[in-house]
Amino acid sequence: MVLRPAPELPAKHAEWTVWSVAASLVVEKPGALSAARALADEVLRGVGAACDRFDPGSELSRLADDPVARNGVRVSPLLAELVTTALLVAAQTDGSVDPTLGFELARWGYDRDIDRLPPAEQPMSPDAAVTVSAVARRPQWRDVELDGRVLTVPPHLRLDLGATAKAFTADRIAARVAGELDTAVLVSLGGDIATAGRSGRGGWEVVVRDRETDPSQQVFLPDGSAIATSSTQKRRWVHEGRVYQHILDPAFGAPVIPAWRSATVAATDCVTANAFSTAAIVRGRAAPAWLAERGATARLVDLEGRVVTTAGWPDPGEGAS
Amino acid sequence: MATLLRGKRIVGWLTGVIGAGSLAVTGLMSGFLLGTTHTGSSSVSPTSVPTTSTAPAAPSRHDDGEDDDSESTPAPAAPAAPAPATQAPVQPSQGGQSSGTSSGS
Numbered sequence: 025m026v027l028r029p030a031p032e033l034p035a036k037h038a039e040w041t042v043w044s045v046a047a048s049l050v051v052e053k054p055g056a057l058s059a060a061r062a063l064a065d066e067v068l069r070g071v072g073a074a075c076d077r078f079d080p081g082s083e084l085s086r087l088a089d090d091p092v093a094r095n096g097v098r099v100s101p102l103l104a105e106l107v108t109t110a111l112l113v114a115a116q117t118d119g120s121v122d123p124t125l126g127f128e129l130a131r132w133g134y135d136r137d138i139d140r141l142p143p144a145e146q147p148m149s150p151d152a153a154v155t156v157s158a159v160a161r162r163p164q165w166r167d168v169e170l171d172g173r174v175l176t177v178p179p180h181l182r183l184d185l186g187a188t189a190k191a192f193t194a195d196r197i198a199a200r201v202a203g204e205l206d207t208a209v210l211v212s213l214g215g216d217i218a219t220a221g222r223s224g225r226g227g228w229e230v231v232v233r234d235r236e237t238d239p240s241q242q243v244f245l246p247d248g249s250a251i252a253t254s255s256t257q258k259r260r261w262v263h264e265g266r267v268y269q270h271i272l273d274p275a276f277g278a279p280v281i282p283a284w285r286s287a288t289v290a291a292t293d294c295v296t297a298n299a300f301s302t303a304a305i306v307r308g309r310a311a312p313a314w315l316a317e318r319g320a321t322a323r324l325v326d327l328e329g330r331v332v333t334t335a336g337w338p339d340p341g342e343g344a345s
Numbered sequence: 032m033a034t035l036l037r038g039k040r041i042v043g044w045l046t047g048v049i050g051a052g053s054l055a056v057t058g059l060m061s062g063f064l065l066g067t068t069h070t071g072s073s074s075v076s077p078t079s080v081p082t083t084s085t086a087p088a089a090p091s092r093h094d095d096g097e098d099d100d101s102e103s104t105p106a107p108a109a110p111a112a113p114a115p116a117t118q119a120p121v122q123p124s125q126g127g128q129s130s131g132t133s134s135g136s
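From first to last, the protein sequence lines stand for chains E and G. For the first sequence, the working numbering gives the first residue as 25, with consecutive numbering after it. For the second sequence, the working numbering gives the first residue as 32, with consecutive numbering after it.
Excised from the complex, chain G in its bound form (with noise of 0.2 Å):
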């Protein structure tokens, strides 16, 4: 009977933990979640990323996880932008002396 008591009120105690646990917990979040909305957190939405950005940008050497040791040190070459649109071959005359005709032959 001492035992079946003993093991109520740990059970109690253990509930009662848990509970204020989960309270804590809940009210943590609830404020960090409130403070971002509210606050307009600088982290960009995934989908904003793809329909606002033109064109990548080069990654700074900050970015691309090597030691930044040397200041001096002239910046790697950048990737390859992105391929130009591509050119008409043939576009209006811009005027002047032709340097040559297309003609059959």
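Chain E with its partners taken away, still in its complex shape (with noise of 0.2 Å):
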């Protein structure tokens, strides 16, 4: 008896490392996965070469070092469709995201990639005190002007574009990859997904869960809809002998002091969902009214793993481990 070796099933699923991030890639139709992989390098080397601050090289960090930027100066279409997104996100969350916290993020010793910051891995205590000296700051994401394509930062503000950058990149290649190839797609950018095309079960299946030891969630995403989840547990470094994490309150420039270990958020596109999510960290115990009132369909774990939702998100119960 001659033993055949199983017919090679054709890859569609590929994971990688992106802006210190998980990435990954899931497409529905066979032989569309180098394509789509290609297309998802192309999406992503755009908007890193538009706006990484930790690039030096970046449209947005030559900008911020070039004192003709403050009176103005036309951008590419890439960077003005970054920073439109960042002001209306910046808007629709009643300033809560503000993209203008550069500065600041530098100030409390987030100035290079995460990976190279000294790593804080211990899970936060609920008990843990938790000290920031911060003073009130002005909302300032006002003062950006973009008139067209022509960007205006005054010279007291640097833009940081991080916390809708990457759920844009996440929408831009889900739709490219969809519409280019003709397949139902799924896209993880650090946990932001995004979907496009229709699949076969009109949608996917999606765990919810942030640290290992956090309670999980397996939920349905039905074929173009988003999910986020913002996380006080992870981008977190050590400065100057204390432990901060990565999500700003923009009232105080300052980081958060967590009222929740993460926040997740479904919505018809990564953006909204990601805008909601870090906006639910920065408000705190007041996020779920402040949510429900905008509709926002959300999990939050509170720092003792207790699981709290809106309206429309499933049972916690169901698909719970």
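There may be inaccurate statements among the hints.
[Stated by the list, open to error] Far from chain G by the CB rule (all over 10 Å, computed), these chain E residues:
#: 1; residue: Ala59
#: 2; residue: Asn95
#: 3; residue: Ala115
#: 4; residue: Ala130
#: 5; residue: Ala250
#: 6; residue: Ala252
#: 7; residue: Ser254
#: 8; residue: Ala310
#: 9; residue: Leu327
[Said to hold, decoys possible] Partial list, derived from the structure: chain E residues whose beta carbon lies under 10 Å from chain G:
#: 10; residue: Thr219
#: 11; residue: Trp228
#: 12; residue: Glu229
#: 13; residue: Val230
#: 14; residue: Arg235
#: 15; residue: Thr237
#: 16; residue: Val243
#: 17; residue: Gln257
#: 18; residue: Trp261
#: 19; residue: Val267
#: 20; residue: Thr288
#: 21; residue: Val289
#: 22; residue: Ala291
#: 23; residue: Ala297
In case anyone wonders, no lab produced these hints; they're calculated from the structure. Cβ atoms here follow ideal geometry from the backbone N, Cα and C, with glycine treated the same way.
Need the complex rebuilt from these two chains, each delivered in its own frame; the hints are there to steer you.
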């Protein structure tokens, strides 16, 4: 008897690391993975070249160091789109997600890629004392002007588009892969997930979980939907002997004192999902009511591991583990 | 005097004609209304339309005023269907393997 090897299944799933986060791509159409990955790389390169604040050669970094740019400078279409998205998100979240915190992030020690900062790996204890000295800060995102493609950033502000660029990129990759390769696709960039196209099942199974020890839940994400999780347990570093995490409160320009381990929001696009999940972390205990008022479908995990959901989120007991 | 008498006759004649006409019209209208009530007219009262309809039907070619000169011609595309109810962006798991994990980064 001759044993034949099983037929090789078409590869439909790719994983890699980009911008210090895990990226993954799932396509439904056999044979589309390589082309999809090439499209993803193209989008990632473009966004990185436009606004990576850790890359001194990016367009945004060069503008930040250019005194002429303070009086208005014409930027690339992609950077204009990214800034527009960031300003729209600032408006949508009543300023909770503010793209003008570049100087503040650097002041708290987040001035280089997270992989190059002293790590703080231990999960945050709910009883741990957190001290943040800060003074009230005026909302300043309205001081940024974008007239067509002419961008004006006052000299006292430094743009950081990190809060929205990743979700923007996930949406863009998903749309391009589905549109150009005629396949259903799921794109994940650091847990910000966008989908596009029509899949056989009408959607995708997705696990919502921050750290391995956090409560998790499997949910169904209909085609075209997106989901994003913001966490206070990751992207943490030690600066001057203290542990900080990366989400700043624009009202103080200082790291948020966490009320939640993580906040997850589902929406029709990843930018919106990410905007609300980040704003939920910033708004602390007021977040559930704020999200509910806006009809956002959300799941929050508090420091004790208790799950709080808003209307529309599936019963936390279903698909939980 | 003769003129006065002739005028009275004309007025009397006109009064009779108008009276008879009024009676005839009243009778006709009463009969029509009575018939409508008792036969259950197929016309729909305006107030019943919005409360009973669920979705507007696509108008037929006969309704749009165009000549129906070619029965074999395919009907034009129906107007856009009403927007479907907004689908929840997340639903309970249907089981099966997950394709991704949403976590903070």
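Hints the structure fails to honour: 5, 6, 7, 15, 18 and 19
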